[in-house]
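Peer 1: Going down the list, the protein sequences come from chains P and A.
For the working numbering, add 71 to where a residue sits in the first sequence, where the first one is 1.
For the working numbering, add 71 to where a residue sits in the second sequence, where the first one is 1.
Hints listed in this document are in silico derivations from the structure and should not be mistaken for laboratory results.
Some hints could be false.
Where chains are identical, the list cannot tell them apart; a pair therefore holds if satisfied intra-copy or between any two copies.
For lysine-lysine, the following DSSO-like pairs were computed, each having C-alpha atoms within a straight-line distance of at most 30 Å [claimed, not checked]:
#	residue 1	residue 2
1	K130	K233
2	K77	K130
3	K204	K130
4	K266	K233
5	K233	K204
6	K94	K130
Here are the chains, one letter per residue:
Protein chains: 2
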Amino acid sequence: MIFSSKLIEDAVQEFSRLPGIGKKTALRMVLQLLRMDVSEVDEFTGALSRMRHDIRFCKQCHNVADSEVCIFCVNPGRNHSQICVVETIRDVIAVESTQQYSGLYHVLGGILSPLDGIGPEQLNISTLHDRVKSIGATELIMALSPTIEGDTTVYYIARQLKDLPVTITTIARGIAFGGELEYADEMTLARSIAKRLPIESYVSMNGK
Amino acid sequence: MIFSSKLIEDAVQEFSRLPGIGKKTALRMVLQLLRMDVSEVDEFTGALSRMRHDIRFCKQCHNVADSEVCIFCVNPGRNHSQICVVETIRDVIAVESTQQYSGLYHVLGGILSPLDGIGPEQLNISTLHDRVKSIGATELIMALSPTIEGDTTVYYIARQLKDLPVTITTIARGIAFGGELEYADEMTLARSIAKRLPIESYVSMNGK
Numbered sequence: 072m073i074f075s076s077k078l079i080e081d082a083v084q085e086f087s088r089l090p091g092i093g094k095k096t097a098l099r100m101v102l103q104l105l106r107m108d109v110s111e112v113d114e115f116t117g118a119l120s121r122m123r124h125d126i127r128f129c130k131q132c133h134n135v136a137d138s139e140v141c142i143f144c145v146n147p148g149r150n151h152s153q154i155c156v157v158e159t160i161r162d163v164i165a166v167e168s169t170q171q172y173s174g175l176y177h178v179l180g181g182i183l184s185p186l187d188g189i190g191p192e193q194l195n196i197s198t199l200h201d202r203v204k205s206i207g208a209t210e211l212i213m214a215l216s217p218t219i220e221g222d223t224t225v226y227y228i229a230r231q232l233k234d235l236p237v238t239i240t241t242i243a244r245g246i247a248f249g250g251e252l253e254y255a256d257e258m259t260l261a262r263s264i265a266k267r268l269p270i271e272s273y274v275s276m277n278g279k
Numbered sequence: 072m073i074f075s076s077k078l079i080e081d082a083v084q085e086f087s088r089l090p091g092i093g094k095k096t097a098l099r100m101v102l103q104l105l106r107m108d109v110s111e112v113d114e115f116t117g118a119l120s121r122m123r124h125d126i127r128f129c130k131q132c133h134n135v136a137d138s139e140v141c142i143f144c145v146n147p148g149r150n151h152s153q154i155c156v157v158e159t160i161r162d163v164i165a166v167e168s169t170q171q172y173s174g175l176y177h178v179l180g181g182i183l184s185p186l187d188g189i190g191p192e193q194l195n196i197s198t199l200h201d202r203v204k205s206i207g208a209t210e211l212i213m214a215l216s217p218t219i220e221g222d223t224t225v226y227y228i229a230r231q232l233k234d235l236p237v238t239i240t241t242i243a244r245g246i247a248f249g250g251e252l253e254y255a256d257e258m259t260l261a262r263s264i265a266k267r268l269p270i271e272s273y274v275s276m277n278g279k
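Only chain P is shown next, with the shape it has when bound in the complex:
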């Protein structure tokens, strides 16, 4: 692609650094910015710049926060006896958006993956023991990837916390609502038959 303006070229170049954005998409975005008022573009770049400069990570749960501690950890209305352990900030948004969970979170920042050089030191695991102990959490809900790495991480954390009176659970795996049986992988289908539920709990989940 040949540009007649260095300003446009630089802007396209910067947009292409984002995931899944090729040169053509980047150009479409730049031309959209060009159609917007200068004040709107200032708002756009200002919001992104502020976000990157002012964002903080909660010193308790490592979630993104606008201050030292995130809005979940400071909220006395949330259930401080439950901690949902997730890999990333994105998982916090996903769980929170269900509006069915009112406990706390703990963001690991990834999962154990020796092949990628990710050991316990690279993750927010060491702080978890102290946190569970100090707030007296009684349940740790592991919401990690259903992979070997995810399972390894669950077992590792369970071993680290075995001296504490905390129950460790994992989120249910099974056929998704609206999912069709014939397209489910065999492992998921087998597990979902083995872990079948009495019909009362099914009805109450749908009725919720």
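Put chain A on the given structure of chain P with help from the hints.
Peer 2: Just chain A now, with coordinates in the frame of chain P:
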């Protein structure tokens, strides 16, 4: 989607204003910015801000420019007797990227479309007559959409310029290279048979 950070929420909101960007894609981009160094994000927002603030439109051809006149119009090495008339800046980039055209451009800013309230006054048409006359252009290549509106625009411009000794041509329509006959629409296929070329010109185009 529920966010625990106003900073993140605002950034996602701003990204969603771009064409084809939904909330999920916007979040992916914001998280990518979060992973980048502060200095890299400053470069990103700086390039976009500079682009919007400092961009100018060439006073001769209305293409984007970094100064009063664009790099094509000031370049004595380009063929000043040919002007390629296009709808948008994006079309300039497309034609220029072929590296087969060395004339000048004229960006209309759209095409005549009475139903959308776009008349000659909304487009950069009035300046075209003076421009053709003053630089003594001998050919105007119309590279507009192959639609009724595009054809109307071509005829309108041709009528405006009929007192000047300038040849008006349109770019060739036909089956695209690599395109399969069975998928071509009937009008294109019919036109491409009617406007068939002697084999010598075909060979020279491929050999180029």
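Peer 1: Treating 30 Å as the Cα threshold, decide for K204 and K130: within, between, both or neither.
Peer 2: within (16 Å within a copy, 70 Å between copies)
Peer 1: Between the shortest in-copy and the shortest cross-copy C-alpha distance, which are at most 30 Å for K77 and K130: within, between, both, or neither?
Peer 2: between (42 Å within a copy, 18 Å between copies)
Peer 1: How would you label the pair K130, K233 (within, between, both, or neither) given a Cα cut-off of 30 Å?
Peer 2: within (24 Å within a copy, 74 Å between copies)
Peer 1: For K233 and K204, with the copy left unspecified, which applies at a CA distance of at most 30 Å: within, between, both, or neither?
Peer 2: within (12 Å within a copy, 87 Å between copies)
Peer 1: First find the shortest C-alpha distance between K94 and K130 inside one copy, then the shortest across copies, and answer within, between, both or neither for a cut-off of 30 Å.
Peer 2: between (38 Å within a copy, 27 Å between copies)
Peer 1: Using 30 Å as the alpha carbon limit, work out where K266 and K233 are close: within a copy, between copies, both or neither.
Peer 2: within (25 Å within a copy, 81 Å between copies)
Hint check: no violations occur; every hint is consistent with the structure.
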